[in-house]
Amino acid sequence: MKKFQLDLIVADNRMAGPSATLLTLQYPGELPDMVAGQFAELQVPSAKVLLRRPISIHSIDRKNNLIEFLIQIVGEGTQSLADIKAGEKVNVLLPLGNGFSYRSTHVAKPLLIGGGVGVAPLLFLGQEFAEHGIRPTFLFGGRTEALILRKEEFQKYGDLFMTTEDGSAGEKGFVTNHSLLLDSEHFDRIYACGPTPMLKAVAHWAKEHEIACEVSLEHRMACGIGACLCCVEDTADQGNVCVCKEGPVFEIERLKWFN
Amino acid sequence: MVQLSTKIGSLELKNPVMTASGTFGYGTEYADFMDISRLGAIIVKGTTLAPRQGNPYPRMAETPSGMLNAVGLQNKGVDYFVDHIYPEVQKIGTAIIVNVSGSCIDDYVQTASIINTLDGIPAIELNISCPNVKQGGMAFGVNPESAAQVVSAVRKAYDKTLIVKLSPNVTDITEIARAVEGAGADSVSLINTMLGMAIDAEKRRPILSTVTGGMSGPAVKPVALRMVWQTAKAVKIPVIGLGGICSATDAIEFLLAGASAIQIGTANFIDPSISEKVVDGIADYLERHGFNSVQDIIGALQV
Ligand SMILES: Cc1cc2nc3c(=O)[nH]c(=O)nc-3n(C[C@H](O)[C@H](O)[C@H](O)COP(=O)(O)OP(=O)(O)OC[C@H]3O[C@@H](n4cnc5c(N)ncnc54)[C@H](O)[C@@H]3O)c2cc1C
Ligand SMILES: Cc1cc2nc3c(=O)[nH]c(=O)nc-3n(C[C@H](O)[C@H](O)[C@H](O)COP(=O)(O)O)c2cc1C
Ligand code: FES
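Those sequence lines, one after another, are chains A and B.
Here numbering that gives the first Met the number 0 is used: position 111 in the first sequence is 110, and no number is missing along the way.
Here numbering that gives the first Met the number 0 is used: position 303 in the second sequence is 302, and no number is missing along the way.
Since no wrong hints were added, every one of them can be taken at face value.
List of simulated lysine-lysine pairs, DSSO-like, C-alpha gap at most 27 Å: (1) LYS199/A with LYS150/A; (2) LYS202/B with LYS255/A; (3) LYS199/A with LYS244/A; (4) LYS276/B with LYS1/A; (5) LYS199/A with LYS202/B; (6) LYS276/B with LYS244/A; (7) LYS244/A with LYS90/B; (8) LYS276/B with LYS47/A; (9) LYS88/A with LYS276/B; (10) LYS75/B with LYS244/A; (11) LYS75/B with LYS255/A; (12) LYS75/B with LYS1/A.
Listed next, with one range per pair, are the computed distances between beta-carbon atoms: (13) PRO27/A with GLU174/B: 52 to 60 Å; (14) ARG37/B with ASN64/A: 24 to 32 Å; (15) ASP105/B with SER100/A: 40 to 48 Å; (16) PRO44/A with SER9/B: 44 to 52 Å; (17) ALA129/A with ASP34/B: 36 to 44 Å; (18) ILE133/A with GLY92/B: 40 to 48 Å; (19) GLY28/A with LYS90/B: 27 to 35 Å; (20) ARG13/A with GLU174/B: 56 to 64 Å; (21) ARG287/B with ILE8/A: 25 to 33 Å; (22) LYS276/B with SER100/A: 36 to 44 Å; (23) GLY28/A with ARG204/B: 43 to 51 Å; (24) THR104/A with ASP105/B: 42 to 50 Å.
The following residues of chain B were derived to be distant from chain A, with all beta-carbon distances above 10 Å: (25) SER9; (26) GLU87; (27) ILE91; (28) THR173; (29) ALA200; (30) THR211; (31) LYS235; (32) TYR284.
FYI, nobody ran anything at the bench for these hints, they're computed from the structure.
We put the CB at the ideal spot given by N, CA and C, even for glycine.
Hey, can you work out the whole structure from these sequences and the hints?
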């Protein structure tokens, strides 16, 4: 897929949780085609930050050429992105990496599992399923209810189930303990994004129940386009591969997570 | 039209802007963002005799105005390069230079002699300065005798332009530069990364899997500039300057300090079309100051 370097204009930037921002950017022309699970490298408007920050594509409005990013504020870079005002410009590289496989594999009953800000790419994925007449199931985990972001938005496209560590919403515990998973027949493919321990737990559950599963990894990146080899994950078939280019989405079979 | 061409040994470049090894892949990664054929040269990833998996993740940490990397020369080996990458990069339309690394003299010699057979590769850059592999790499580059030894061995096996990339992790870089000049190098490029370290205080652990790594980016520029200036005065062969170059102005500073050409590394990550902008920016500068040729500003620093 051809990649672009574009100057996008901030249409809106507002808090979307206790420490998360929803950044909406507009392109004056027609946005290029993008696949859910792909990401962008955003230039950060701060002299203290050198490298771009990789952020998943959260959703796309093709009619108005809008693209949304859901960003958890964890440091200088994400804080500066949260501080940008409407009307300002952000330079982005996109679309980067390989997204979820929904365009090439047939899926009837998808389960989309997200943890923390890992829910970000799953809205775009849910929208894509909805567009093809499939109502996905979302299963999101967080420490408390407030940290499960954009619930109403997700509910527009599918059924949302939750787990929280303190029991403030949904079932108490981790996503892999949710009663939804008692009947594994419900689903034919899992798409997951979130903290690595959660992804590993989901991958083990999926493997045990023989359900196809793909996960999106968030490794530290420098270039985002496969040039520097900073972002590698060790795979069973090819050894170290770049998460930014071969991923960020991987079929769990390729990962060395099961020994 | 100003003249941008420059010479490195017998190698004529259309302009003095190259991209640094390990930061520009094989060039094609950047083709969506710029016209890569406009570059003076592309120096491709560090290539070794046998394939290398590199170091474990994490390999990168951002530091104030710079970054650390610990890639550790991950590459598929010289045979893979010859069979699969060479046919592609040859078509790009600019000079392709292979960065050669090894862990013993024989590795360097064998890799260089294989590259020597490729008509489309006019030069190699011998990396005797990689801080990210246990044996070899930097070990050769921090001592004038071992640096001269590996360069003279490669010189016998390689008859095109031989560039030697120097490590800044030494007391006197001019001593190493003179040693490799004496051993037959056609040019020296400097600097490779500076040994550095980053710690995650919350976790009380190093950020890189290798604990230490190579520092690059704007933070190293003053050191690189000083070393290029000292080295250009100490040797007769052309010097290629790099380290933290992010703009045409940065590039011009290196040319003024005595570099015959420059390389852009970390800045490619910040702006993937920066190298093309630097080519245009150098031309603008020459016109603005009434120079006909880039040669007029090489070493033109008035002290
Ligand atoms: C493909 C991809 C998609 C992503 N999508 C999103 C998204 O949609 N929304 C979102 O909020 N974030 C996303 N991230 C993560 C985001 O890129 C980082 O949170 C961001 O770069 C941190 O920048 P900062 O300057 O704010 O923090 P820094 O100051 O760089 O770091 C803050 C803290 O986080 C740690 N840290 C930073 N990056 C990483 C990492 N990659 N792995 C482990 N620890 C790290 C640092 O050690 C530090 O403790 C994604 C990452 C990748 C690779
Ligand atoms: C991610 C990364 C990988 C690198 N790999 C190599 C390499 O394989 N061989 C080499 O000689 N130098 C390598 N370098 C060093 C650069 O070529 C360059 O010497 C250094 O980064 C300083 O220039 P800069 O500040 O413009 O980046 C690497 C640098 C980075 C950041
Ligand atoms: S971030 Fe550079 S190769 Fe992935």
